[in-house]
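Going down the list, the sequences are from chains A and B. Add 1 to a position in the first sequence, counting from 1, and you land on the number used in my numbering. Add 1 to a position in the second sequence, counting from 1, and you land on the number used in my numbering.
Quick caveat, the hints were computed from the structure, so don't treat them as lab data. For each residue, glycine too, the CB sits at the ideal point set by N, CA and C. Among these hints, one or two may not hold up.
Unchecked claim - Example chain B residues on the side facing chain A (calculated, C-beta under 8 Å, incomplete):
#1 119
#2 137
#3 141
#4 172
#5 173
#6 174
2 protein chains.
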Amino acid sequence: MTGPVTVRSVGALRAQTGQWRETGATVALVPTMGALHDGHLSLVHKANELADRVVVSIFVNPRQFGPGEDYAAYPRDEAVDAENLAAVGADALYAPTVAEMYPDGFATTVHVGGLTDDLCGAARPGHFDGVATVVSKLLLQARPDVAVFGEKDYQQLLVIRRLVRDLDILVSIVGAPVVREPDGLALSSRNTYLTADQRRAAPALYKALCRASVRLEAGEGAAGVLAAARDEVVAAGFDAVDYLTLRDAATLAPLDAADRPARLLAAAHLGGARLIDNVPVAPAGEGAC
Amino acid sequence: MTGPVTVRSVGALRAQTGQWRETGATVALVPTMGALHDGHLSLVHKANELADRVVVSIFVNPRQFGPGEDYAAYPRDEAVDAENLAAVGADALYAPTVAEMYPDGFATTVHVGGLTDDLCGAARPGHFDGVATVVSKLLLQARPDVAVFGEKDYQQLLVIRRLVRDLDILVSIVGAPVVREPDGLALSSRNTYLTADQRRAAPALYKALCRASVRLEAGEGAAGVLAAARDEVVAAGFDAVDYLTLRDAATLAPLDAADRPARLLAAAHLGGARLIDNVPVAPAGEGAC
Numbered sequence: 002m003t004g005p006v007t008v009r010s011v012g013a014l015r016a017q018t019g020q021w022r023e024t025g026a027t028v029a030l031v032p033t034m035g036a037l038h039d040g041h042l043s044l045v046h047k048a049n050e051l052a053d054r055v056v057v058s059i060f061v062n063p064r065q066f067g068p069g070e071d072y073a074a075y076p077r078d079e080a081v082d083a084e085n086l087a088a089v090g091a092d093a094l095y096a097p098t099v100a101e102m103y104p105d106g107f108a109t110t111v112h113v114g115g116l117t118d119d120l121c122g123a124a125r126p127g128h129f130d131g132v133a134t135v136v137s138k139l140l141l142q143a144r145p146d147v148a149v150f151g152e153k154d155y156q157q158l159l160v161i162r163r164l165v166r167d168l169d170i171l172v173s174i175v176g177a178p179v180v181r182e183p184d185g186l187a188l189s190s191r192n193t194y195l196t197a198d199q200r201r202a203a204p205a206l207y208k209a210l211c212r213a214s215v216r217l218e219a220g221e222g223a224a225g226v227l228a229a230a231r232d233e234v235v236a237a238g239f240d241a242v243d244y245l246t247l248r249d250a251a252t253l254a255p256l257d258a259a260d261r262p263a264r265l266l267a268a269a270h271l272g273g274a275r276l277i278d279n280v281p282v283a284p285a286g287e288g289a290c
Numbered sequence: 002m003t004g005p006v007t008v009r010s011v012g013a014l015r016a017q018t019g020q021w022r023e024t025g026a027t028v029a030l031v032p033t034m035g036a037l038h039d040g041h042l043s044l045v046h047k048a049n050e051l052a053d054r055v056v057v058s059i060f061v062n063p064r065q066f067g068p069g070e071d072y073a074a075y076p077r078d079e080a081v082d083a084e085n086l087a088a089v090g091a092d093a094l095y096a097p098t099v100a101e102m103y104p105d106g107f108a109t110t111v112h113v114g115g116l117t118d119d120l121c122g123a124a125r126p127g128h129f130d131g132v133a134t135v136v137s138k139l140l141l142q143a144r145p146d147v148a149v150f151g152e153k154d155y156q157q158l159l160v161i162r163r164l165v166r167d168l169d170i171l172v173s174i175v176g177a178p179v180v181r182e183p184d185g186l187a188l189s190s191r192n193t194y195l196t197a198d199q200r201r202a203a204p205a206l207y208k209a210l211c212r213a214s215v216r217l218e219a220g221e222g223a224a225g226v227l228a229a230a231r232d233e234v235v236a237a238g239f240d241a242v243d244y245l246t247l248r249d250a251a252t253l254a255p256l257d258a259a260d261r262p263a264r265l266l267a268a269a270h271l272g273g274a275r276l277i278d279n280v281p282v283a284p285a286g287e288g289a290c
């Protein structure tokens with residue numbers, strides 16, 4: 002089993018993708034921050050279905066972390082990541098340094114309005130500017146035919162679709178479903194922050210979303226359903242709920258009822274971890290959980 | 002003489018440039034707001050030297066005009082522009098509508114920090130966000146090998162170089178010198194706003210910059226030289242000087258003396274027109290005026 006080629010500069014990345022393109026191959030990009038789990042690897046599988054060659058980027062992007070957040074603590078293990086990528090057939094690992102991505106004098110920000118005003122945008126000021134800027138750069142560096150992102154970061158996925166459309170970046174954006182532990186907890190690199198007790202409590206977030214989704218699909222109003230779900234999450238041991246809310250699946254506008262394609266989204270703190278999750282809510286009563 | 006092909010959508014533009022690329026041709030883009038004069042046409046000549054095919058875009062970009070500015074009054078005459086472009090051998094005229102550039106739901110802004118904080122950025126809040134966003138879009142729509150911009154908008158040229166580097170847009174940015182009337186007035190689509198009397202006064206701006214440049218290159222300090230130049234401009238009949246300042250040619254940092262490659266930049270109001278101009282200042286005493 003040969004591992005992916007590792008490249009660390011924009012020049013080396015473009016040389017590699019240029020070689021592939023000369024043979025007529027299509028290229029997919031899977032942007033990640035490393036600490037790869039089966040959720041990330043499912044994105045690589047999807048990318049392999051969609052293109053001839055797959056580049057996985059690993060870059061813990063300082064610009065999407067706030068001052069009090071876990072940039073320094075965020076898990077990093079490139080050697081293990083490279084082994085995992087070899088096992089799923091990624092062709093290249095692009096792991097630029099911070100200086101390669103943000104050289105001296107760097108001064109440009111991509112801002113997506115509207116979509117980023119609340120939810121994780123309200124809880125993490127500047128976060129989506131950091132995401133939008135780094136994703137724009139990665140897409141323009143690699144110039145892939147397709148890029149694959151997880152629905153786990155649902156608001157982020159909508160922000161990326163928006164900026165790609167608005168800036169006319171020539172790439173298809175594909176979302177892939179959340180991958181979960183057997184008990185329902187969404188896979189996340191931040192789950193490693195949980196103690197054993199917290200880990201046992203953590204699936205309550207998904208379970209509360211599922212119960213709420215079923216009630217909303219049955220036609221109940223959002224106010225009571227969401228209040229009950231928040232109570233469940235706190236009762237299970239979460240410290241605070243940043244948000245647990247019903248939104249239009251495309252615009253993230255708040256909804257009073259699931260009268261159109263909708264999404265239930267939540268963020269909640271459990272010990273040192275801030276966990277996020279989301280589930281679809283179908284207006285016609287097609288259950289998702 | 003066949004005129005340029007006119008395209009009005011991103012799809013039609015990409016179809017045209019794609020056809021050219023299949024034959025191995027390189028493509029240059031010259032972004033303009035129309036009302037083309039010899040300054041613009043000099044950019045097309047330069048583009049013709051640099052690439053096999055030249056696209057000139059004409060788009061009066063609402064996002065770079067402030068609330069009290071001349072968006073509605075800005076001169077527009079596409080038929081005359083197309084004739085002028087035919088005469089200089091442009092291959093395509095890309096003239097998208099506002100709805101094509103900013104469809105419903107558009108929400109993304111490209112912001113370049115630092116360089117845009119003062120000069121025209123201070124006088125025209127939001128102007129450079131509008132410029133950076135539309136130029137990013139035009140570059141990503143046309144995907145040219147090279148794009149040509151006038152040094153007349155010197156601060157804009159630096160902003161564009163910065164965003165192209167920062168966002169990793171794969172294009173060469175080329176600046177072309179200011180084109181002037183025989184009496185020194187920089188060509189500008191806004192010169193049509195001047196009355197006959199104002200038109201006679203207008204070259205004073207360039208003359209003041211030239212005299213100041215000579216004195217700075219001889220080693221005089223900036224404070225006295227710039228004050229004298231401002232007085233000259235006002236004495237010639239200008240209503241107000243927005244700025245007349247000596248800056249580092251690469252960073253636009255203010256300078257007390259021309260001790261490195263520098264630029265003298267000015268903006269001043271004359272009747273209903275706000276005129277801008279700039280000249281290089283060489284540290285070694287190589288006169289530019």
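Here is what the structure says about each hint:
| no. | hint | result |
| --- | --- | --- |
| 1 | 119 | violated (14 Å) |
| 2 | 137 | holds (6 Å) |
| 3 | 141 | holds (4 Å) |
| 4 | 172 | violated (10 Å) |
| 5 | 173 | violated (15 Å) |
| 6 | 174 | violated (14 Å) |
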